[in-house]
Structure formats: C-alpha cells, structure tokens
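S.K.: Work the whole structure out from these sequences, hints included.
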Amino acid sequence: MHQGRGSYARNWIMKKSRRRSDFFLVITWVASIAAVATLLWIVESIITPAIPAIQKTGLSFFTSTVWDVNRDRYGAVPFLVGTALSSTIALLLALPLGVFIALFLSENFLPLPIRQTIRFVVELLAAIPSVVYGLWGIAVVIPIVRQFGGLLSDNLGFIPLFEGPATGNSTLTASLVLALMVLPTITAISRTAIVSVPLTLREGSYAVGATRWETIFRVLLPTAAPGIVAATILAFGRAMGETMAVAMLIGNSPRLNWSLLSPGGTLAGLLANQFGEAHGLQVSALMYAALALVLLTLFVNMAGEAVLRRAQKSIAGVR
Amino acid sequence: MSTLRQSFLLLVYLAIQFTSPKAHATTQLQGAGATFPAPLYQRWIAEYTKSTPDIQINYQAVGSGAGIKQFTQNLVAFGASDAAMKDDEIAGVKQGVVLIPATAGSIVLAYNLPGVENLKLSREAYVGIFLGKIKKWNDPAIAKANEGVKLPGTAITVCERSDGSGTTFVFTKHLSTISPEFKDQVGEGTSVTWPTGVAGKGNDGVTALIKQTPGAIGYIEYGYAVHNKIPFAALQNKSGAFVTATTASGEATLATTQFPPNLLRAWPSDPDGKEVYPIATFTWLLLYKKYDNAPIGETVNKFVNFGLTDGQKFAEELGYIPLPKEVVEKCLEALKSVQ
Numbered sequence: 001m002h003q004g005r006g007s008y009a010r011n012w013i014m015k016k017s018r019r020r021s022d023f024f025l026v027i028t029w030v031a032s033i034a035a036v037a038t039l040l041w042i043v044e045s046i047i048t049p050a051i052p053a054i055q056k057t058g059l060s061f062f063t064s065t066v067w068d069v070n071r072d073r074y075g076a077v078p079f080l081v082g083t084a085l086s087s088t089i090a091l092l093l094a095l096p097l098g099v100f101i102a103l104f105l106s107e108n109f110l111p112l113p114i115r116q117t118i119r120f121v122v123e124l125l126a127a128i129p130s131v132v133y134g135l136w137g138i139a140v141v142i143p144i145v146r147q148f149g150g151l152l153s154d155n156l157g158f159i160p161l162f163e164g165p166a167t168g169n170s171t172l173t174a175s176l177v178l179a180l181m182v183l184p185t186i187t188a189i190s191r192t193a194i195v196s197v198p199l200t201l202r203e204g205s206y207a208v209g210a211t212r213w214e215t216i217f218r219v220l221l222p223t224a225a226p227g228i229v230a231a232t233i234l235a236f237g238r239a240m241g242e243t244m245a246v247a248m249l250i251g252n253s254p255r256l257n258w259s260l261l262s263p264g265g266t267l268a269g270l271l272a273n274q275f276g277e278a279h280g281l282q283v284s285a286l287m288y289a290a291l292a293l294v295l296l297t298l299f300v301n302m303a304g305e306a307v308l309r310r311a312q313k314s315i316a317g318v319r
Numbered sequence: 320m321s322t323l324r325q326s327f328l329l330l331v332y333l334a335i336q337f338t339s340p341k342a343h344a345t346t347q348l349q350g351a352g353a354t355f356p357a358p359l360y361q362r363w364i365a366e367y368t369k370s371t372p373d374i375q376i377n378y379q380a381v382g383s384g385a386g387i388k389q390f391t392q393n394l395v396a397f398g399a400s401d402a403a404m405k406d407d408e409i410a411g412v413k414q415g416v417v418l419i420p421a422t423a424g425s426i427v428l429a430y431n432l433p434g435v436e437n438l439k440l441s442r443e444a445y446v447g448i449f450l451g452k453i454k455k456w457n458d459p460a461i462a463k464a465n466e467g468v469k470l471p472g473t474a475i476t477v478c479e480r481s482d483g484s485g486t487t488f489v490f491t492k493h494l495s496t497i498s499p500e501f502k503d504q505v506g507e508g509t510s511v512t513w514p515t516g517v518a519g520k521g522n523d524g525v526t527a528l529i530k531q532t533p534g535a536i537g538y539i540e541y542g543y544a545v546h547n548k549i550p551f552a553a554l555q556n557k558s559g560a561f562v563t564a565t566t567a568s569g570e571a572t573l574a575t576t577q578f579p580p581n582l583l584r585a586w587p588s589d590p591d592g593k594e595v596y597p598i599a600t601f602t603w604l605l606l607y608k609k610y611d612n613a614p615i616g617e618t619v620n621k622f623v624n625f626g627l628t629d630g631q632k633f634a635e636e637l638g639y640i641p642l643p644k645e646v647v648e649k650c651l652e653a654l655k656s657v658q
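Residue numbers (the numbering used here), protein chains in the order written: chain V, 1 to 319; chain R, 320 to 658.
Keep in mind the hints are simulated off the structure, nothing from the lab.
Only a predicted model underlies this, so the values are computations on that prediction, with no experimental measurement involved.
Virtual Cβ for every residue (Gly too), placed ideally from N, Cα, C.
Some clues are possibly wrong.
[To be verified] Label-pair distances were calculated between CB atoms; the ranges are: (1) R/Gln504 - V/Leu135: 33 to 41 Å; (2) V/Asn155 - R/Glu500: 34 to 42 Å; (3) V/Thr88 - R/Thr345: 34 to 42 Å; (4) V/Trp258 - R/His546: 37 to 45 Å; (5) R/Asp611 - V/Ala126: 45 to 53 Å; (6) V/Pro143 - R/Glu466: 30 to 38 Å; (7) R/His546 - V/Glu305: 46 to 54 Å; (8) R/Leu637 - V/Glu305: 52 to 60 Å; (9) V/Ala126 - R/Thr565: 23 to 31 Å; (10) V/Pro143 - R/Leu470: 16 to 24 Å; (11) R/Leu637 - V/Leu59: 43 to 51 Å.
M.R.: Spelled out as structure tokens, the structure:
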C-alpha cells in the first residue's frame, strides 16, 4: 500500500511536471511567434506609409543624390553613403582595438583582479547613454577634429576622403565616437569567443613548439573567428542605427559628401531630425528611408551570418 | 486600522475622485504647436490661471507642423504655428479657422568671431554667405561694410536648422525676396536644402553650433541670441541702412505689415523704412471659428483676449516683440468671430 501510494504520488508529480513542461512549451512558442509577428508588424507599418514615396520616386530613391524637401525631391544617396561611411570607419577603428583588448583580457599578462577591473570598465562603456556620448563628442572630439582636421586636409587633401575645408561637426567626429560606442560590444563577444577556445588546442600548439604570439595568431584567433565576426556584425548594426550621438555630431547635411572632414548625414539621423515637422510626401519619403535602413541592417546581418557559417565549417575539423 | 484596509479606503476615495463628473468643474484646454513662442505662452498660462483656478491650460511645444496637424485633427482646443496655415490647410478644417497673430520675433544672424563686435552685413554679404559663395570672413563683400574692423581670414561655417522650422521658413522667405538667385537655387520653405554648412536641431541646436564653432554664423530667434549672449550682426535693410535687431526696430518692422482683408496672415518679408529690421515675423494662434463645445470656445476666447491685451507686457522681457496697437485691435476684432 505504501508502495502504491508512493507510485501514485510519483505518477502525479510526473504528470504535473509533464503538464508544466507543456505549459512552458506553449510559452516559448507564444514568445517566439510574438517576436516574429512584432517584426512583421513593424515592417508593415513602415511599408504602408512609404508606398506613395515608393511609387513616386521608385528606384531613383537609391540613385538620386538630391534630398530637397522644398521641391519634393527625395534621393537617399547622401544618407546611404553617410551611414555606410561613418559605420565602416567606426568599425575599422574599433575592430582591431576591441580584439586586442579581448586578447589582453583573456591572456594572463596581468593578475586576474586587474583584468576583471579592466573588463568591467570596458563593458561599462556600453552603459553610457548615447546622448552623453554626444555631449562628450561636442566637448572633446569636435575641438580635436577641428584642430587636426585642418592638418589632414592641408596634407592629404588630394584624397577625396580628406578634402577640406575641415569642420568640427563631421563624419569623422561621428565615426570616432561611434567607434568608442561599439567597442564594448566587440570586446565582450570577442573575449567570450577567445576564452571558449578549448584548452587542448592551446596546449597542442605549445607542444609543437609555437610561441605565445604564434599560438594567439595561428590558433586562438582563427578558432575564435566566428565569435569575432558575430561581434563585428552586432557592432555594425549598432553603428548604423545609432541616432542621437550621430545627429549631435555629424552636422546633418543632406549634401552628398565623400570627405570625412565635411558634415554628413545618416539615415537614422535624417529620421530623427525631420520626422517631427514632416508633412505630405516627406513623411512617406522618411518611411522609405526607414525601410532602407531596415533592409540595410538585414543585409549586413545576412552577410554576417553567411560569413559565420563558412568560418564555422572551416574550423569544424579543428574543434 | 490595518494597512490593507487603509489602502482599500484610499482606492475607494481615488475612485470617487476620478469618476464623479462634477467634483471640480475644471475646464481643460489643450494647445499644441510652435516651439518659438512657447515660453511666452507658458507665461500667459501661468499668469492667466492665477486668477481662474478652475481653468487648466496645457501647451505642448511640439513644433509648428505638428501643431497644425493636431489642430486639423481636432485633437486640441487651439494650435500654434510660426508659418500660420496655408489656404488648403485652412480649407481642411470644417469648423472654420481664425488666425490670430499672438506675438512676434526677429530672426538674427548670430556669429562667433572672437574680437569682432558690431559686425555689419550688407544684403549681398549675407545672401552670399548663405549661398556658400562667400567662404572667408575677410571677403571684400563683408569688409566693405565694416571699415576699421579687423576681420580674420577664418573660414565661414554656416549653421542652419536640420529639422523643419518656421524660423527657416521666414528666413528663406526673406532671402528669396531679396535675391532671385537664392529663390532659384534654394527657395523658401520650412525645410530647405542649404548649399553649405552644418545643421542642428531646433533653435537651441543651432545656438550650440554657433557657440562651439569659431567662424560660425547662423540664423536664430532674437531671444535665443540675447539669452545666450551671442553677438549678432546689423543687417542692411531695403532702404540701405544697417539696423540691429531690438524691440524698437522689430516693432517698426511689424508696423509696416499690410494684412489682406479678413485674414490676419502676412509676412513683412522685405520691409521698407529707415529704422526697420529686415527679418521679423508674427507667430500665430490657430483657433476654430465655431467650437463644438461652447464652454471651451468661450474659455479659449477669454484666454487669447488676455494674451493680446495684458499678456503683451511679458513679451519684451522674454525676447519677443510686443504687437503694435493696430495689430492688437485687428486681432481683438477677429477674436469676436470665435464662438
């Protein structure tokens, strides 16, 4: 009888836990579907108001360099270029820096408590609100760019990227601040990737006589590459979508400009600046620009995913 | 008494407070629109509601465009706009629209040139600067009007608005009036594509740009320049005289305005006269001709009446130009048609 009761109770618990797991299954389903549905909802509510502009401008939206609200002419090229330029420069600066910090934090150059502190401080950079980065950029980065931008344009002005005249509010200023803003993302994810490289690989490398730096560059980094690529994609996405700090620093010019020292504009900044007072076709054109931004981010993520897969395949044998 | 019971009683009390319709017979007015006159309107609200505690007025400074939108969609009791309303916008409001110029301001060209005071800009000079044709401060076109002033060879950084703005509208309207080339190349509007320069959001954004950039010049409301202690240039008016923006020169400008019959909407886009400052504008309150809710209409009427009469005395200290007497009379006349 005792046994009978025990098995009854066990049965009951099992049933209950099964029921509970069913319940959790439902929750996970609902949560995932809700996330996908919300994304579709957002895209739909961007596309619907964008339709008049899509019909009116069509593909010339992506080829025309003139954004003139006054004459209802909308070409997004200056902002597409500005977005790509500022995010790319930011990543070119932040990626090597971030990977080196990640390496430093994952190797035993310094005692653990000190590394932990540095890691904490770097990750704290991600907690600073973007408006504060904007203010810091105005107070610190703009004067620096104004001073050295002149030198750059005087000496390297023949390169279109450094053509003068140099202004403080410029693509370069925005890129520098963006680099700092995406640094914690790159550092944190790269560090995790490097730390999770199996110890056996490292030991094997040492065993065949490789030095520490040979091990780092030939074994650790290639093995951690998928993680580092993922970090880069996330950082790129953040840089492209960043609005407040960029709008405060880039100079918000609707003119196409390849020079890093001139004022530029990004899609996100354009939306933030013009949406409030927009009317008529301008609203529609801004929605079209938002759609372009979403597509651009999607494209970057997909490209990143592809790279990630290939990288994983190539190192699959090693792991 | 237990805390539970206390909180329950509190809930009941709150429920009664919020549900009983005439616990306090307050009339609430919502207004929304232009940011430029917002400080003055807030002041009017504070002063007016002092003597009428049963009236609550909220004004949201959401911008002229958004103000017109909310007014057209019947979301507010009154709107406000620096660019008034266009004919087709007025036609879209079925209750009818009464435009009331409520206050006015000058637009100044504030600059950042350490050591240079009392800068004078001829019409050719400031049009040229904003067209991007004059690039250095020691350009002969600027130097000609500033004899004895040592102008540096600094590059000119033009500062403009990145958002749609009534300030841009009035300034580009003036530039288009005095320069066919500007009209052709840039045109007038709340959001134009400037041939040169950096842009910031709002009057405060442009003010910040001017302050932080040596060699900068930008167009901002007179009040912002005064409060931030940024120097601004004396501009050459139609009669050829160089005039600094002051309350008096602004009043002189407003006095030249000729309103069309039945509609208080006009811009002194290039006023004539020796003492007039060339760029000044009214800013408008947008009222319905016939309010569906009579008490609301009556309250709006009283409040605007207060603003046009007693309220004008707060204008000058806040950096606005008080309305000339003739304009106030016309406004009060127009206000009578609001029901």
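S.K.: If a hint holds in the structure, say so; if it does not, say that too.
M.R.: Against the structure, the hints:
{"no.": "1", "hint": "R/Gln504 - V/Leu135: 33 to 41 Å", "result": "holds (35 Å)"}
{"no.": "2", "hint": "V/Asn155 - R/Glu500: 34 to 42 Å", "result": "holds (35 Å)"}
{"no.": "3", "hint": "V/Thr88 - R/Thr345: 34 to 42 Å", "result": "violated (57 Å)"}
{"no.": "4", "hint": "V/Trp258 - R/His546: 37 to 45 Å", "result": "holds (38 Å)"}
{"no.": "5", "hint": "R/Asp611 - V/Ala126: 45 to 53 Å", "result": "holds (52 Å)"}
{"no.": "6", "hint": "V/Pro143 - R/Glu466: 30 to 38 Å", "result": "holds (33 Å)"}
{"no.": "7", "hint": "R/His546 - V/Glu305: 46 to 54 Å", "result": "holds (52 Å)"}
{"no.": "8", "hint": "R/Leu637 - V/Glu305: 52 to 60 Å", "result": "holds (56 Å)"}
{"no.": "9", "hint": "V/Ala126 - R/Thr565: 23 to 31 Å", "result": "violated (50 Å)"}
{"no.": "10", "hint": "V/Pro143 - R/Leu470: 16 to 24 Å", "result": "holds (23 Å)"}
{"no.": "11", "hint": "R/Leu637 - V/Leu59: 43 to 51 Å", "result": "holds (50 Å)"}
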